[in-house]
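S.K.: Listed below are the residues making up each chain.
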Amino acid sequence: MTGARIDTAILMAYVDGEVDIETARDIEKTLANDAEARARVAQLRQSAQLARAAFADALYEPVPESMKSAITNAPEKVVAFAPRGAGPAGLARAGGLRRWALPMAAALAGIVVGFGFGHLDDLVDAQPLTAVNMSPQRAAWLDQVINFHKVYTGIFEGQERALVDISGDEPPKLESWFGERLKRDLKVPDLGALGHALQGGRLLVVGGRPAAQIVYVSADGKPLALSILPQPGRDRQPTFEKRNGTNVLHWRTADYSYALIGTAERDVMFKMVEIVAPVLAGT
Amino acid sequence: MPSKDQSVGRGDDPSFRQQVVALLPKLRRFARGLTGNVADADDLVQTACLKAIERAHQWTDGTRLDSWMYRIVHNQWLDDMRARKVRAVDAEADPDALIADDGVARTEANITLDDVRKAMLSLPSEQRAVLVLVCIEGLAYKDAADSLGVPIGTVMSRLARARQALGRATGLTRVDGESGNVVKLV
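Protein chains in written order, with my numbering: chain W, 1 to 283; chain E, 284 to 469.
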């Protein structure tokens with residue numbers, strides 16, 4: 001594969017995991033010396049990542065009970081296909097605008113997306129529909145931020161970059177950006193002492209409110225998110241749990257809920273909170 | 284293929300329906316990618332699921348139920364478009380006509396997820412369907428081809444064109460050849 005321009009169809013199949021291992025190795029050898037091909041691979045990956053990110057939230061929305069009930073209880077042979085919106089299917093319409101609220105709000109809140117590289121395969125089996133069982137407020141917000149973390153960084157696990165809106169190269173800029181949106185002073189904790197480098201941050205919308213996820217990456221490429229959500233309520237001590245397939249340490253203080261989410265072990269997370277909590281509290 | 288005796292009544296089988304219900308999140312996302320809005324997507328999914336129950340005997344044991352369901356959703360969508368005389372959206376269509384803009388001003392230079400959705404909806408319908416199945420639903424080319432009833436080569440050509448168009452529409456720009464990062468979509 002030297003000299004000739006590698007075919008885009010082959011690169012696309014490579015990006016989509018449709019080539020065998022030997023072909024993949026040949027392509028990777030070519031990519032090592034072909035910046036133009038690397039650029040095309042990047043664009044192919046980014047187009048898929050953009051598309052997936054744009055519709056990611058749809059997986060986590062509760063399925064309307066009316067829809068589940070209609071499917072569960074419909075007679076097998078007597079299924080009338082009413083005009084769209086006029087029959088059972090139309091029951092879903094009432095909630096339509098509300099269900100767009102998250103993506104639209106997220107977009108209009110100025111969520112901008114930045115992409116690194118990674119394979120998309122892991123996201124296919126991302127935890128579905130944890131939102132269905134969200135009834136306690138705390139569980140709801142935790143599951144949402146965990147799912148966001150999975151969507152935006154799970155696919156990049158092991159990669160050098162995670163999916164962030166604002167790079168962590170300039171912490172003051174990050175602090176200013178999030179501070180404006182959360183309407184608070186925000187200092188970004190430094191977890192370098194525990195082997196985690198600041199990657200950047202992304203803005204989420206949780207329960208209609210802006211929330212921040214500050215993203216770190218361990219030396220071996222494991223992403224870790226520090227989630228920050230304005231959430232009035234009584235203070236809660238840091239609590240560790242394995243939840244939704246990941247490790248979580250969460251607490252609440254001064255009307256803000258916080259959660260560390262990632263693969264770091266319990267003792268590491270508790271060491272982290274000793275660093276993080278005072279910084280976030282401004283003490 | 285299942286025997287006639289086995290197939291008749293499968294639509295009444297609670298386990299079959301449970302499998303269909305379990306697919307709803309993915310089907311809704313697929314439909315949303317096709318229709319561009321939640322209400323139409325949910326109508327489409329529900330109609331397609333009811334049709335699947337009615338035709339449950341046509342599903343072959345041992346094959347992927349999700350691919351079969353995607354096909355029903357896709358075919359239903361095509362039927363709906365024909366019935367409603369809705370033209371397939373072409374590249375010249377105004378994407379804003381498909382997803383209402385609430386009038387909030389946005390910085391033109393920003394690429395938001397909303398922009399991406401609009402860009403996807405500006406794609407020709409056949410390209411959009413392939414893009415959603417492969418890039419969002421994660422289907423292999425073969426399964427996408429099965430779902431859409433087209434050859435794998437057609438899937439690949441449509442997918443390549445869709446990606447190119449999406450890249451142009453969203454202004455993806457490579458800024459660093461060595462690292463390959465295309466980070467700033469601001």
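Among the hints, erroneous ones may be present.
Derived DMTMM-like pairs: lysine to aspartate or glutamate, alpha-carbon spacing no greater than 25 Å straight-line [claimed, not checked]:
no., chain 1, residue 1, chain 2, residue 2
1, W, Lys68, E, Asp363
2, E, Lys334, W, Glu65
3, W, Lys68, E, Asp344
4, W, Lys29, W, Glu18
5, E, Lys425, W, Asp7
Calculated directly from the structure, the hints in this document are not laboratory data.
S.K.: A separate judgement is required for each hint: does it hold in the structure or not?
M.R.: For each hint, the structure was consulted:
no.: 1; hint: Lys68(W) / Asp363(E); in the structure: 22 Å, holds
no.: 2; hint: Lys334(E) / Glu65(W); in the structure: 19 Å, holds
no.: 3; hint: Lys68(W) / Asp344(E); in the structure: 23 Å, holds
no.: 4; hint: Lys29(W) / Glu18(W); in the structure: 17 Å, holds
no.: 5; hint: Lys425(E) / Asp7(W); in the structure: 20 Å, holds
Checked against the numbered hints above, the structure breaks none of them.
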